[in-house]
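Trainee: Dock the two chains into a complex; use the hints.
In case you want the letters, here they are:
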Amino acid sequence: MRRSEVSLGVRLALAGGRSSTARLVVTAMGVALGVALLLAAGATGAALQQRDDHTDWREPTLRPLGASGLDAETGSPALLWRASLDRFRGNEFARFDVAALGPGAPVPPGLERLPGPGEVAASPELAELIRTTPARELGDRYGSGEVTAIVGDEGLESPDELLVIVGADPAMLGSGPSVDVADTVGDEIPVGVPVGVVDSFERRGSEAAPSQSGQVLVVIGALALLVPIAVLVATAARLAAAQREQRLATLRLVGASPAQTRRVAAMEGGLVGLVGAIAGWGLFAALQPAIAGLPLNPSEGTRFFADDLWPRPGVVALVLVLTPLVTMTAAVASLRRLDISPLGVSRRAPVGQPSALRIAPLVLALPLFALAMWTASHGEESDGAVALIGSSFVLVIAGIVSAGPLLVWAISAWLARHARGPAGLVAARRLAADPRAGYRAIGGVVLAVFVASFFAGIRPSLSFEDHKVPTARYRDGSVAVLLNSGADADEVIDAVAAVPGTGPPVETTLVGVNIGGQFSTAMVASCDDLITVLELTLDGGCASRQMFTPDGRDPGPIQLEVFDPESSQDPTLVPMAAPEGIGRIEPREIGYNELLIDPSLLPPTVPQYVDKVFVPTDGAGRTLDQIRTAAAPWVLGDLVVSELESSRATDREISQVSRALTLAMLATLLVAGCSVAIAAVGGLLERRIPFALLRLSGTPLRTLRVVVMQEAALPLLTLATTSAVLGLGVSWITIRFSGGDTRYEWPSIGLVAVLAAGLATTLAVVASILPLLDRVTRTEATRFE
Amino acid sequence: MNATPHLSARQVIKSFGPTQALRGVDIDVLPGELVAVMGPSGSGKSTLLHCLAGVLIPDDGEVWFAGRRVDKLPEAERSALRRHSFGFVFQFGQLIPELPAVENVALPLLLDGTGRRGALAAARDALERLAMGDFAASRPGEMSGGEAQRIALARALVTQPAVLFADEPTGSLDSLATERVMDLLVDVAQEDGTTVVLVTHNPRVAAYAAREVVVRDGQTTTSVVSAS
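First to last, the sequence lines map onto chains R and C.
For what it's worth, my numbering labels the leading residue of the first sequence as 448, then goes sequentially.
For what it's worth, my numbering labels the leading residue of the second sequence as 4, then goes sequentially.
Hints in this document: simulated from the structure, not taken from any laboratory.
Treat the hints with caution; some may be incorrect.
As the list claims (entries may be wrong) - One side of the interface only, derived from the structure: several residues of chain C facing chain R at Cβ under 10 Å:
no., residue
1, 56
2, 57
3, 78
4, 102
5, 110
6, 116
7, 183
Claimed, not checked - With beta-carbon atoms standing in for the labels, derived distance ranges:
no., chain 1, residue 1, chain 2, residue 2, range
8, R, 1148, C, 137, 34 to 44 Å
9, R, 733, C, 120, 30 to 40 Å
10, R, 601, C, 120, 30 to 40 Å
11, R, 1172, C, 43, 53 to 63 Å
12, R, 706, C, 60, 15 to 25 Å
13, C, 62, R, 732, 57 to 67 Å
14, C, 178, R, 1140, 41 to 51 Å
Said to hold, decoys possible - Selected chain R positions facing chain C (in silico; Cβ < 7 Å):
no., residue
15, 454
16, 455
17, 789
Idealized CB from N, CA, C, for every residue including glycine.
Looking at chain C on its own, in the form it has when it is part of the complex (with noise of 0.2 Å):
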């Protein structure tokens, strides 16, 4: 593992309105690491995520990615890194309804710009990879929950990303389900090498982390090495 930070996050500070999510939060990931981000409800841990992201524009502070500065990256490059390095698992609403698992997982790369025919043809081996290519033609409406997660989780990975943002993955899960979705997770980010930043307020799903980071109103204060 190399010592020098992958994705770092120095003094950012977030509000929303009159509400300030966070207050000055420090947080390194090294190359490959899976982090779990914890903490209880409205800690600021999901702030956290979108921030390291790019999603949300931290109001200070700043955020480094492969030596790039996040936070001041214009719109456009930051949806580009997003396409390009970055991969997402939500709790819920992340998938197209419209759209069969096949074309859920495909988007990524269509955005990019790759022809129909490789970004379905890819699509079809991320699914497989996960042991859902017989889902391929399914809706995500005639799925289970944690059916449609791992189509999420699939097209989260089919670009190969350099890191996987989970935001509570498996929030709406039951317990044989998530531990299907985090071994998945976690087998996969450790194949491709790929660093995860997991967001969770359940500690068993924080077990499958080399690391926990603790965000407490507003603020990371401890950050520990899981005893798993």
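Bound conformation, chain R alone (with noise of 0.2 Å):
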């Protein structure tokens, strides 16, 4: 490219006039706002990054204590370490209970030394909280329940997350269960934390923690923006194509050859596309303080720290330097339908009816998806069924795609035949005469409709399944608390019954059953009990019965498992009694053991081992903490449970994927809109002639305005509510087809409320250009100079 053409292409992109300006600073606010939207994504890509580079730490390699023990150990740099889970007022946050071994222990980040024992490190956010709640709440759990220092930054994962390292003695750390011999109960309750040792918390390399779910939700976010945004991008860069073409043309008479012209019109799109992803930057970085501001951060809704929300310099590069080259191409693209000959445009590709095969590919994408789904369901799990799910889901959004132009050329023939004004018959014949510039416009606002509703219509069927199984239900208020093997029941249960506002505790134990040579466990606790802190299906109630199996019925001779504590033989199986009446309970309801045995059948040898202990409470969160305080000594803070706080943990995550797909949403018709917006302003500018010669021959500005109104809003609404059903259609595809026995639940009314919004703003951004129209077709504009 010739210094000239570089200087002309330039010259043209930033030469002067208010219109010209007024393009420029159009063209260049969308590719702005696309940029500034790209750089978001890719900021909240970098701050996972760094959150997980914060929290690394927190899964150190483990190594059991050697087999001599903790005397081999002590004096070692190293540390005992327990990794938990505590709870206060329903929200769940980790506890790292540190004993250091010797000189040199390795210390986590953002702490300048280890807690010593009875010495508590906790965030920010936990510091204050244990500051103004009583200790019996909170601040007792951690021994002195004093806070002697600070977690610093570069160990948090927000600025918002509580967490606390609470400094222990190693003799009594070393005492739990260490890594090696930890065991659980069932599938999921861990007996004891297991205690492990720590020599260092450099990151593992290789090793670090995977992708997180987190990360992937960003990078599916950041893809479905990526084509509304694409497509701004790419409207913005066309903007005013007719004056451009005229300008074009007039080169071609002083003597530039086709090459040269396209050259300049790639260096003038280039140009723009520069400015606007600069301007981008600058808005990005302006904005900067208020996204960091959000709870974007996807572990329980916190915010980012404001420093790491910033993309990466690399990330940055490549979006300046990507924008341009986008909008040079859709510039120079944009020329390839046209022939520029020097006494202006002289041919076009050929416009008009698309032809009907269009609908084709969207036609075969439905049954496809439908099979698609159904054969994943029904076949063994492999990579072939996934990539075909993954394809014809592509191949939907294709057929969109496809079929646009052809649903805008009918919605304009139907206009066409049913307008009553000149505008509607203006609107009709302009959609007709190009309607694949016609879907162009709005392509971004119909494919974003079409996965928000997809997702709208996925999201309530996925919550309904995850309930859709009851478990073991707590009555009202009732609290269970879940001990680790060694703690002593008897000191739980004088400890908890203390807290104002609880009722007498049920402990329940666990047996070991051998029905017909068949293993399997047993809950033991009295059944009256029993119904007084669990929702029991039970048919006739308890009614004297003294067992419980899942069929009602006897199922024969019973022996009992008995363990011997200090051998690691085989248990020794002792008879059980014959139980006078039999009832019927599911045993998912009694934590999917096989049977509900009153105490009075075990025979006293049978030694009995208390693992929960179920406590009526008032219901308020304070009552709950104030257990998990005082069972802290011997019951690590997770273990304490209640209905409430897990209805509220869903609900929390539910609102967060609600409030994310929310947020989603609206972003992606913004950035529609405002492709819409653009193109409308387009439009009007390339016919600022014509439609200044309808108002100068008597035209009402009124009719201009439905003119362009109406082709914005007849097929953006058609084609957006088409998109819609097709989403919802396809997600009940998605739920039908895929096997189980999952309902489809329609969407909430405040999705599709949102959704409707959404739309609604995008045509309230439409008629904000009507103002433009007054200008442009003022009588000056018939002037062709």
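Mentor: What follows is the structure, encoded as structure tokens:
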């Protein structure tokens, strides 16, 4: 490219005059908005990576205490480590118990030194809670209850995070089960949180934590945004194409070759992209503090550290380089359809009625997608099945893109037949003249609506699936304390019974049973006691029945397993007394145990270990936290559970997903709305002379306004509604053909309202350009120079 | 005046779809000659000018300029011909509204690779020559129709072309402005020895030419020497 061509391109892009400056500003603003959103997505990705770096230390390589135990390790530059979870007012957070084994023990990031026995290090947010909450509800859980150090940012995943590191005596912490012997009962409940030795908190290189679901979400979100952003940038780059074509024709007249005009157009487009990209960076930088205040961090909906929320330099460089390339390509691509002769645009690629075959990909894609879902759910899990689902979903999207112009043409044909006034007729004919351009303007919104309504359709059904299998349900306010192995049940019961607002505790034990050679487990508890704390679906209540089985029948003789804790030999089997009266019970309501046995059936020789203590409470969060604090010397906080907290956690998760979904929907609709507005501005500028002549000859401005609005609104609303129905249909196919007994749940009215509000905003954005119509169609616009 | 035609068309035929605009036109233009192509609206006179200038390619026939077969030249060479040897003035629409007058005039030089400084200096000279120096920084939208046409004329002449093609150059001007533009056009062309092909339907404008060629229904019917 010659210097003169470069300077000419620059000159044409930047050369003044109010209308060309306005065009440059609108174009650059459109590009800038897209770039700012891309950078925000990049910044979120970087912040997630930073968050992982901040929290990497929490999963150090653990090794068990050697065979010779604690004595052999004493004095070594290592520490004893136990990671567990705690809860306060329903919020879950990490608790780490640490005990230095010798000098030089590693120190977690964010701390200057390891907390000694009795010392507590807390995140700023938790330290504040400890300071302002009565000690019996929170602080007393951590020994003295006095926070001696604050964990710095480099050890936290979010400025809002709750986190505690409790210093302990090595002998005390070392008495817990070691990592190699820790086990679980059933599938999920740890009886003892393992204690291990940590030699270093250094990053583990290739063993670093794998990509987290949050990052996957951000990638999907960024990709979902990318399409409307690309549409926005390309639309902005094509703004006022007609004027550019006229300029290029003039260049051809004075001797520019076609290649020269392409190069000049590319230069002009690239420069606008560059200005937009730089402005986008500025916009992002200006908005960054506000973005940092949003609860974007997927974990618990917290904020990111403001300093972390910057895209990596490589990403910034990539965006700054790629954006001008995209606008350059869009500018050149728009010339591809034109043959610009020295006399003006002499030929356009043929437009008009699109082929009916354009609907074919969509018609094929929907059954293919259903088939892919059905195949995947009825066959072996395989990469091929997943690939088929993915590719048929992409085909559905491609089908929408393909069918879009045909639908626009059909709408224009309908409008042309039914238009009563000149506005409708002009709008219809304009759409019919180039339905692809009509679709291009609204394509971003159409795709955004499809993706949003698909997720809106999927989401309620998934949460329904989460809850469709009823597990053990606690009665209102009941709390279960899951005992660590070795915890003294009597001490725990005494401590929690003393908490104000609690009722008489109910203890349950667990015993292994052998029924006809099949080994299983049974819960041992009095039915009458148990129904005071658990919601049980018993036919006829307890009614003096001593045993409950899944089918309500007598399974035959039952032998109880008796373990000798001092020996590793197989358990001995002791016959159980025959029960008087047998009832039916759902195993999942008693923690997936096979039987519920009354304690009176167990011979006194069979030792009983209490595994759970249920405590009826007044349901207050304060009471729950006091129970947790009272049990803290024996039971870690997360092992005190309540139905209320679990459902709150689920609700929070659902609301986070909904919020993320709503944000994503609004962001995509905003971007797509800007594309529509820019396309409308472009259309307006291109037709300023005919519009001005119409006005000059007496057409009211109101009629011209209706033309502009109808051109945008009619295809937009029709196609958006169609794609919303398609999105819901595809979500229905996904749920209906995915196997299992998941019922399809219609999306909530709230999500539909958000979608409708997004579309209304898009139309409002289009309406906001109408004042421009007055300015660009004044009499002076009829001048040709 | 050399008797060898500088620019000529032989049996040129050009159609646009079913409409035949030129039906075998013959014309010869001598070096330094000012020829007016006259005819009613839709007679094919503009199409003839475009074919002579290599803007349009005839469906049949030949177009010659300075011994070269213009209609057989590839697009790049025809573009180069327009840059170096031809200048154009149309009725309207040929100035770039975003550029000030001086840059509009400098365009052909910039496209030909002349440095920005040199191109602008030449453009200023051209403007001065047409007494339009004061308008160098003005944009087309800020000028009257006659002033814009004089800028277009300056741009057409800045490369000192061998042939100037003018298609209804005064079509949108009042009589006073028409007179000014035509006086300039004739004076400068005569000073430089530039051949001028002038398309017009206005007999008063045609009167500036040394010879008139009348086109009717796509054919040249008469060629008369102007009385003036």
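Trainee: For each hint, tell me whether it holds in the structure or not.
Mentor: Hint-by-hint comparison with the structure:
no., hint, verdict
1, 56, "holds (8 Å)"
2, 57, "holds (9 Å)"
3, 78, "holds (6 Å)"
4, 102, "holds (5 Å)"
5, 110, "holds (5 Å)"
6, 116, "holds (6 Å)"
7, 183, "violated (17 Å)"
8, R/1148 <-> C/137: 34 to 44 Å, "holds (38 Å)"
9, R/733 <-> C/120: 30 to 40 Å, "holds (39 Å)"
10, R/601 <-> C/120: 30 to 40 Å, "violated (57 Å)"
11, R/1172 <-> C/43: 53 to 63 Å, "holds (59 Å)"
12, R/706 <-> C/60: 15 to 25 Å, "holds (18 Å)"
13, C/62 <-> R/732: 57 to 67 Å, "holds (60 Å)"
14, C/178 <-> R/1140: 41 to 51 Å, "violated (25 Å)"
15, 454, "holds (6 Å)"
16, 455, "holds (6 Å)"
17, 789, "holds (5 Å)"
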